[in-house]
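From these two lone chains plus the hints, build me the complex, please.
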Amino acid sequence: NAGVTQTPKFRILKIGQSMTLQCTQDMNHNYMYWYRQDPGMGLKLIYYSVGAGITDKGEVPNGYNVSRSTTEDFPLRLELAAPSQTSVYFCASSYRRVGQPQHFGDGTRLSIL
Amino acid sequence: QQQVKQSPQSLIVQKGGISIINCAYENTAFDYFPWYQQFPGKGPALLIAIRPDVSEKKEGRFTISFNKSAKQFSLHIMDSQPGDSATYFCAALSGNTGKLIFGQGTTLQVKP
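Going down the list, the sequences are from chains A and B. The opening residue of the first sequence carries number 15 in the working numbering; numbering runs sequentially from there. The opening residue of the second sequence carries number 996 in the working numbering; numbering runs sequentially from there.
Only chain B is shown next, with the shape it has when bound in the complex (with noise of 0.2 Å):
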């Protein structure tokens, strides 16, 4: 109940293409849901963030969809770049305990 799966483990995009990295919750207690960006040899850095009371938030290139009946949300990317080649980690945020629960993570690779 406290996971959060993310996919897909690995990603290869094209300069100038959409990136899609999902997420999937089981816990209905969960009430924000960041996504951090992960550069080799570095901490993650908080990326965007979403409350389930919105379907969707973008900022810049950046786009989080949130489903709250599927229990799904997702981050696109537009336009990627080169520089967006990084690890990407979706977390859940119990309203419960306070406690933050990252997925996996998905390496993504923009080629030039």
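If we strip away everything but chain A, and leave its shape as in the complex, we get (with noise of 0.2 Å):
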């Protein structure tokens, strides 16, 4: 049982390139987030779905976008890099309410130069 698998661990962007960072999960959860976590804060909810077809912003959405075609995938879109942009990204899911990720990732770091 995999759980929440995320891809890739590590990537280096140049300022303004797109790229996707991928989370599938094998748990048949509905509810799935993507957190982004800086140095010596909290995770900071950027996008959240509750089901396939569904998806809503969070705290720091902007400069993101988000799809959910399945209930097993939801990859996160950067489509213009930026330096703020670095940062650790982790994918969650859950079973119950929006809101309780109980499962996540090992998560994407990501650097902008």
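Don't read these hints as lab results, they were simulated from the structure. There's no promise every hint is true.
Unchecked claim - No more than 25 Å apart at the CA atoms, straight line, and that leaves these computed lysine-lysine pairs for DSS-like:
1. Lys58(A) with Lys1037(B)
2. Lys23(A) with Lys1010(B)
3. Lys1000(B) with Lys1094(B)
4. Lys1000(B) with Lys71(A)
5. Lys71(A) with Lys1094(B)
6. Lys1053(B) with Lys1066(B)
7. Lys1066(B) with Lys1106(B)
8. Lys1094(B) with Lys58(A)
9. Lys1106(B) with Lys1010(B)
10. Lys58(A) with Lys28(A)
11. Lys1052(B) with Lys1094(B)
12. Lys58(A) with Lys1010(B)
13. Lys1066(B) with Lys1010(B)
14. Lys58(A) with Lys1000(B)
As the list claims (entries may be wrong) - Pair ranges (Cβ atoms, derived):
15. Ser125(A) with Lys1037(B): 15 to 25 Å
16. Leu94(A) with Lys1052(B): 28 to 38 Å
17. Gly1078(B) with Pro53(A): 19 to 29 Å
18. Ser1002(B) with Thr21(A): 13 to 23 Å
19. Phe24(A) with Ile1007(B): 38 to 48 Å
Backbone N, C-alpha and C fix where the C-beta goes; we use that ideal spot for every residue, glycine too.
See the structure below:
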């Protein structure tokens, strides 16, 4: 049972480039989330989804986009990478109500240079 | 109003001692308070959680104490072990928005 899987684990981007962070879960959870974690800070919610086809903004959505075409997958897209988006990104999922992420992936460490 | 303030930022405890991490909040709409444990290079893992109608919850060596009137809650780790060395995050869930707000984190080091 893999849980929540994130790819890639590390990535370096140039300013203005775009990329997609992948997240997939095999627990049939309806709720999925994207967080970013900056040094010395807690996690901040970027976007979340309550089911396939339904997404909503979190605390810090600017500069990101998401889609949820299946229950399993919840990719996060950066369109025009900026240095302020250098961070560690975590995907999470939960079975219970929205906001209770119980299973996190191991993160994607992203540097924008 | 959406903030969760966590202290201390770092904590060093001897093996066998008690580790205490505190959190405070302002928003009375918060109705679920989880704690997460994070090891380097890994994602956070749900450790223990409490609802505001309960003043204390214990799971093994981990206890949450909750003071609704003071809007404060804390994590106590009894008989702390070197394997407990990690970063701990408190969080609070808003029943209105469904969004989880995290504290800033506490890095715990348990010395053998």
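For Lys1000(B) and Lys71(A), compute the direct alpha-carbon distance and say whether it is at most 25 Å. holds (23 Å)
Please verify whether Lys23(A) and Lys1010(B) have alpha carbons no more than 25 Å apart. With a Cα-Cα distance of about 33 Å, the restraint between Lys23(A) and Lys1010(B) is violated, given a limit of 25 Å.
Given the range 38 to 48 Å, decide if the beta-carbon distance of Phe24(A) to Ile1007(B) lies inside it. Taking Cβ atoms as reference, Phe24(A) and Ile1007(B) lie about 30 Å apart, which means the hint is violated.
A range of 15 to 25 Å was offered for this pair. Does it hold for the Cβ distance of Ser125(A) and Lys1037(B)? Holds - the Cβ-Cβ distance for Ser125(A) and Lys1037(B), about 19 Å, lies within 15 to 25 Å.
Holds or violated: the 13 to 23 Å window for the beta-carbon distance between Ser1002(B) and Thr21(A)? violated (35 Å)
Lys71(A) paired with Lys1094(B) [C-alpha distance capped at 25 Å]: holds (10 Å)
Distance restraint between Lys1066(B) and Lys1106(B), which requires alpha-carbon spacing of 25 Å or less: Since the Cα atoms of Lys1066(B) and Lys1106(B) sit roughly 31 Å apart, the hinted pair is violated (cutoff 25 Å).
Tell me if the straight-line CA distance from Lys58(A) to Lys1000(B) falls inside 25 Å. Distance of about 14 Å is within 25 Å: holds.
Below or equal to 25 Å on CA atoms is what counts here, so check Lys58(A) against Lys1010(B). violated (32 Å)
For Lys58(A) and Lys1037(B), compute the direct alpha-carbon distance and say whether it is at most 25 Å. At roughly 16 Å apart (the allowed maximum being 25 Å), Lys1037(B) and Lys58(A) satisfy the hint.
Falls inside 28 to 38 Å, the C-beta gap from Leu94(A) to Lys1052(B)? With Cβ atoms ~45 Å apart, the hint is violated.
Does the structure keep Lys1094(B) and Lys58(A) at a Cα separation of 25 Å or less? Measuring from Cα to Cα gives roughly 10 Å; hence the hint holds.
Checked against the numbered hints given earlier, the structure breaks hints 2, 7, 12, 13, 16, 18, 19 and satisfies all the rest.
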